[in-house]
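There are 6 protein chains.
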Amino acid sequence: MKLLIINPNSDIAMTAVIRQTAEDFAHGAFEVVCMPTPRASGFIDSYQDEAEAAAGMMALVDEHADQFDGVLVACMDDPNLDAIKEVTAKPVVGIAEAAMKIASMIGHRFSIVSTSRASVANHQVLARKYYMEALLASVRYPEGDAADLSEEERFFEAARAAVDEDMAEVIVLGCAGLADMAKRLETRLKVPVLDGVVCGLIILSGMVKSGISISKIGRYRPRQGPAD
Amino acid sequence: MKLLIINPNSDIAMTAVIRQTAEDFAHGAFEVVCMPTPRASGFIDSYQDEAEAAAGMMALVDEHADQFDGVLVACMDDPNLDAIKEVTAKPVVGIAEAAMKIASMIGHRFSIVSTSRASVANHQVLARKYYMEALLASVRYPEGDAADLSEEERFFEAARAAVDEDMAEVIVLGCAGLADMAKRLETRLKVPVLDGVVCGLIILSGMVKSGISISKIGRYRPRQGPAD
Amino acid sequence: MKLLIINPNSDIAMTAVIRQTAEDFAHGAFEVVCMPTPRASGFIDSYQDEAEAAAGMMALVDEHADQFDGVLVACMDDPNLDAIKEVTAKPVVGIAEAAMKIASMIGHRFSIVSTSRASVANHQVLARKYYMEALLASVRYPEGDAADLSEEERFFEAARAAVDEDMAEVIVLGCAGLADMAKRLETRLKVPVLDGVVCGLIILSGMVKSGISISKIGRYRPRQGPAD
Amino acid sequence: MKLLIINPNSDIAMTAVIRQTAEDFAHGAFEVVCMPTPRASGFIDSYQDEAEAAAGMMALVDEHADQFDGVLVACMDDPNLDAIKEVTAKPVVGIAEAAMKIASMIGHRFSIVSTSRASVANHQVLARKYYMEALLASVRYPEGDAADLSEEERFFEAARAAVDEDMAEVIVLGCAGLADMAKRLETRLKVPVLDGVVCGLIILSGMVKSGISISKIGRYRPRQGPAD
Amino acid sequence: MKLLIINPNSDIAMTAVIRQTAEDFAHGAFEVVCMPTPRASGFIDSYQDEAEAAAGMMALVDEHADQFDGVLVACMDDPNLDAIKEVTAKPVVGIAEAAMKIASMIGHRFSIVSTSRASVANHQVLARKYYMEALLASVRYPEGDAADLSEEERFFEAARAAVDEDMAEVIVLGCAGLADMAKRLETRLKVPVLDGVVCGLIILSGMVKSGISISKIGRYRPRQGPAD
Amino acid sequence: MKLLIINPNSDIAMTAVIRQTAEDFAHGAFEVVCMPTPRASGFIDSYQDEAEAAAGMMALVDEHADQFDGVLVACMDDPNLDAIKEVTAKPVVGIAEAAMKIASMIGHRFSIVSTSRASVANHQVLARKYYMEALLASVRYPEGDAADLSEEERFFEAARAAVDEDMAEVIVLGCAGLADMAKRLETRLKVPVLDGVVCGLIILSGMVKSGISISKIGRYRPRQGPAD
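Keeping their order, the protein sequence lines are chains A, B, C, D, E and F. Numbering follows the working numbering, in which position 57 of the first sequence is assigned residue number 393; successive positions increment by one, without gaps. Numbering follows the working numbering, in which position 46 of the second sequence is assigned residue number 382; successive positions increment by one, without gaps. Numbering follows the working numbering, in which position 48 of the third sequence is assigned residue number 384; successive positions increment by one, without gaps. Numbering follows the working numbering, in which position 101 of the fourth sequence is assigned residue number 437; successive positions increment by one, without gaps. Numbering follows the working numbering, in which position 104 of the fifth sequence is assigned residue number 440; successive positions increment by one, without gaps. Numbering follows the working numbering, in which position 116 of the sixth sequence is assigned residue number 452; successive positions increment by one, without gaps.
Simulated from the structure, these hints should not be mistaken for laboratory data. Treat the hints with caution; some may be incorrect.
The list cannot tell twin chains apart, which means a pair is met if one copy fits it or any two copies do.
BS3-like, lysine-lysine: derived pairs with alpha carbons at most 30 Å apart [what the hints assert, rightly or not]:
#	residue 1	residue 2
1	K552	K338
2	K519	K552
3	K519	K338
4	K465	K526
5	K526	K338
6	K526	K552
7	K338	K465
8	K552	K465
One chain only, chain A, in its complex shape:
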């Protein structure tokens, strides 16, 4: 099994974090190739970023589709996920969708701990898109002065507030680049802390293994005939 992981931004360092997470999960049982998106912005933080990443993401799928058994979209905004599900015959999973759906199976409500206040609305929009908004206890983000605390400590404080004040029973990390702190936060918080890349790979690798793919008769029917 060989899986294509698309990092919808063009950041090399974040691509490396995602690759490492994926390889740790795969543990040699299958192959993963993780690519940044050409001509995409360095961080997906707006609808414009998402729209601009579309062409590059579709090109990656188009050029490499034959070489892979499935595609993972590895950004917690699930940018262009519907389009990717539509354009390829291979199974496609988005990490936000996967993370929220697994979160809903292991606790009553979950909180997303995200990078900034500006991302809150979009995480709420996505939770509703996936019918999980009633389970979204809150979207938290690091507050206070970054000078006083390490980044991880600030995420920990946000997650702790989600658990203590919002009664979250599960934490979902709001960015694919945070994976390396998942297990450390989990140990401190004593609740599951989910990283989207791992959740996405659980479902995608399982779909490939069992021959499950996207339904092509309705919402994700590929474009018919010539485009213009």
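Using the hints provided, position chains B, C, D, E and F relative to the given structure of chain A.
Just chains B, C, D, E and F now, with coordinates in the frame of chain A:
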């Protein structure tokens, strides 16, 4: 007042229909400029079409923003609407959003009469996005043999079934290119038949007139800083 | 075009505020006539007030229907709106419905800034009636000591808390009598502040202009035959 | 215990049916007084009918409040129920609300069998008001030719279709005047058939008995100060 | 009329509190027999407790069904309620379901005041099961140091916070064993305080009186044929 | 990795079908042990069956917990799933939950093809429990005369109707015993056909692999202290 109407596809004939509808509504009270989208597909019928239209739509806004007081996205899929709301400081309205929200104000439930079975899921997804899914009596489309009936007659039969069988009290036309049959269908069906371009212009021109625009502090905050 | 604006209470000063707001919006493009409701209470603050206003409101419509092209119900409780939609063949719009639906098109979530704690439940009930409850970030009202702050300052503080603490991206004024502070609050808050009268006129004048009216085959079918 | 039953219309015969149903239920354990509404229409079939009944209904409560321990609004549209809950300190129950909430406790989904197609939307609106819309399998009404079948037979056929085709597990009669056929229909349909008057009296008499009344601090807070 | 009240736990003292509440409500008008559940845990506080109580609860129904006209499940978790509704032909009511549905009829939103933080999720799950989650203002529980305040005082503080901060208009007691403080809390809080046992008996006794029972054609159809 | 698969009924043949499906999926990569439930009914078809299976299911977990890395509850009613999630520290997945959540990721709406009309309500209840009810196009079951068609043909006809008439884009098999027809139906229907056991194993094996387990601080907190 001068409004930019973006037809998200590249079809010249459909652009002309939209322009005509818009000019009939404006009736000289304000100016409308209706443009097709460069490098877009000839008909928006898939997520891929929507993604491919994004660059051209944003370019239109970018190049012409200073010359217009507001932007109408004139396709019943509201493609890239969130991105357009985000990238310009001018008010932006999508015709599907406008049509569904006005439909909800003039009757109990509405049906969308669309072009094909393949579009049903996407209209349902959009109705839910706008919190109108409970008011969507059905999505109907012309069925049966096109050889026996004119296009308008087949849309009439679909709309009639929506009214009689699904208890729709309002019909929303599922494509910006159907505007010219709205009033004729309305006369025959004895229920309001809404065209999205008209509904969109009602709200957009009113927003411009009264100085209402998109909130820029959260979901539609423009991209910060350099993109890469 | 000539529009009848019904102020459902009997207050002359509030009627004047509404008239001024309406004339500012119309700006000579159409005519507005704003009337208080005979035998109604001085402020609509309870279901009893609403019920007592019904007869006078219907009488206004009945007596003047022929002279007007549309009817605006100008109170943020939308009292007797369903009945008014039913009894006249002209288009009818309620300002709460219009304001909430426009609010939903320009930002992620909105808050209503209302006059008192006692009105909170009714605004929530109305938001749900219009399928907008998931978008209602909060209903806020001036708190604290009126001796220390002007009325406008107290409304500003309530709105500011809605934006800062409840993450409202749009503010909807909870009473038709507050219109004059809308633009000043907007400037200070840096988010759109919507006045219902303006929102209602946007949609009503557009409906009249394009010949859209209430569907009469179901929910708003007029009473058949003699009443008793 | 002495209960006031308000028939919101002015029909004497229907008042008698309601009274009989109520006395059969009370069976001497408490006293019921059933009154038609002065100056109301002969049948509540429109929002106008409801609005016109308001003054008479409130007058009945006002004049007789001291003599009764509770008030039942006995029409399946629950007209002016919120206002009646607000104006009296005594417990108030509406029969539609009571019937739907009991229906939800004895089966998966229920259908309302109503008098006419025109009433369907309003029953749906009411089901949603009471958060029961997801449990409303359908609203059915007698169809076909009244010349061929008795009224009861036609209601039976509507109810049978609700059970067989819509999978209703409980039938709620859509009009207070149908009570006398409830038990006969139940025997034939082999599912519970609920009459609103009985359901309303179950809850109202129990509330009186145990001292439960309407909360007066928010939604149903009585009007403060002079009404003028 | 003779009603069987099942206390799903095995606690004798709590059984006595429930019995007293029930006898006070019945006031001689009907007979109640209140039984603890053999082999059940002493307090229902987990899914395991619920599962372990099932056999004993069904045995009670099985052995005594002929002697009773209806069954009340008297625990605010409504444990095994669906199974009990299924196995007997007699009407069955759960106290949580009854309390939430009556609460929804007497005020805008209600809060449950429960015994501990650990019970919050389960009350939320149950409110959703009964379609009442949108009306659940909050679940509160006694916080702070038990050494400083009596149990009743701590429940009062929790309820007061629900009213003041969460805008609850009705309080529902979260445990059948709290009945004796209902009226005292109500007096102090000035909002209705509902005890589930009373609410359940209102509906159950009324169902028995009027011959309403559980629908047996779908969700609650008894097991067909031999079990293995 | 070693997974315990609990068949909640006592049927040996169905246990064998489940075991075969599981071993086919595992394909030697991990070990599965599939056990029928002692003292459970031969088929789970009622709430009583579910309640009676609880003790045996919990005993299986209790006796074997140390020997397994995760537990799959392999019945499309997910009987006692909450209790099993609560009593063990190992990850637990129910096959209905897993199948519906994966179905929601590969198409717009799904239908469950179940064994009988009697099971429809329970599948609907479960879809709602998992927040998937808006995506449930229908629950279908074989209709017509079993004498004329093979079992598989009758399931095919039910599934075909779901796709053609209800616009299901994905089929979920309604019983763990139907797994062997999944791929054949998929080939004929041209839409994905999901078997719950496969879906459950995808998620459970992935959770074990990545160290994800059930949150133990709220809804699934194990019972504290002694039970009686």
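Results for each hint:
1. In this assembly of identical chains, the alpha carbons of K552 and K338 lie at most 30 Å apart only when taken from the same copy (22 Å versus 35 Å across copies).
2. Taking CA atoms no more than 30 Å apart as the test, K519 paired with K552 passes between copies only; the shortest distance there is 16 Å, against 37 Å inside one copy.
3. Proximity of K519 and K338 under a CA criterion of 30 Å is satisfied in both settings, with 26 Å inside one chain copy and 23 Å between copies.
4. Taking CA atoms no more than 30 Å apart as the test, K465 paired with K526 passes in both settings, with 29 Å inside one copy and 26 Å between copies.
5. Proximity of K526 to K338 under the C-alpha cut-off of 30 Å is restricted to the inter-copy arrangement: shortest distance 25 Å between copies versus 34 Å within a copy.
6. When the C-alpha separation of K526 and K552 is checked against a cutoff of 30 Å, the pair qualifies only between copies, where the shortest distance is 8 Å, while the shortest distance within a copy is 41 Å.
7. Only within a single protomer do K338 and K465 lie at most 30 Å apart by alpha-carbon distance; the minimum there is 29 Å, versus 35 Å between protomers.
8. Taking the closest pair of Cα atoms, K552 and K465 come within 30 Å of each other both inside a single copy (20 Å) and across two copies (22 Å).
Checked against the numbered hints given earlier, the structure satisfies every one of them.
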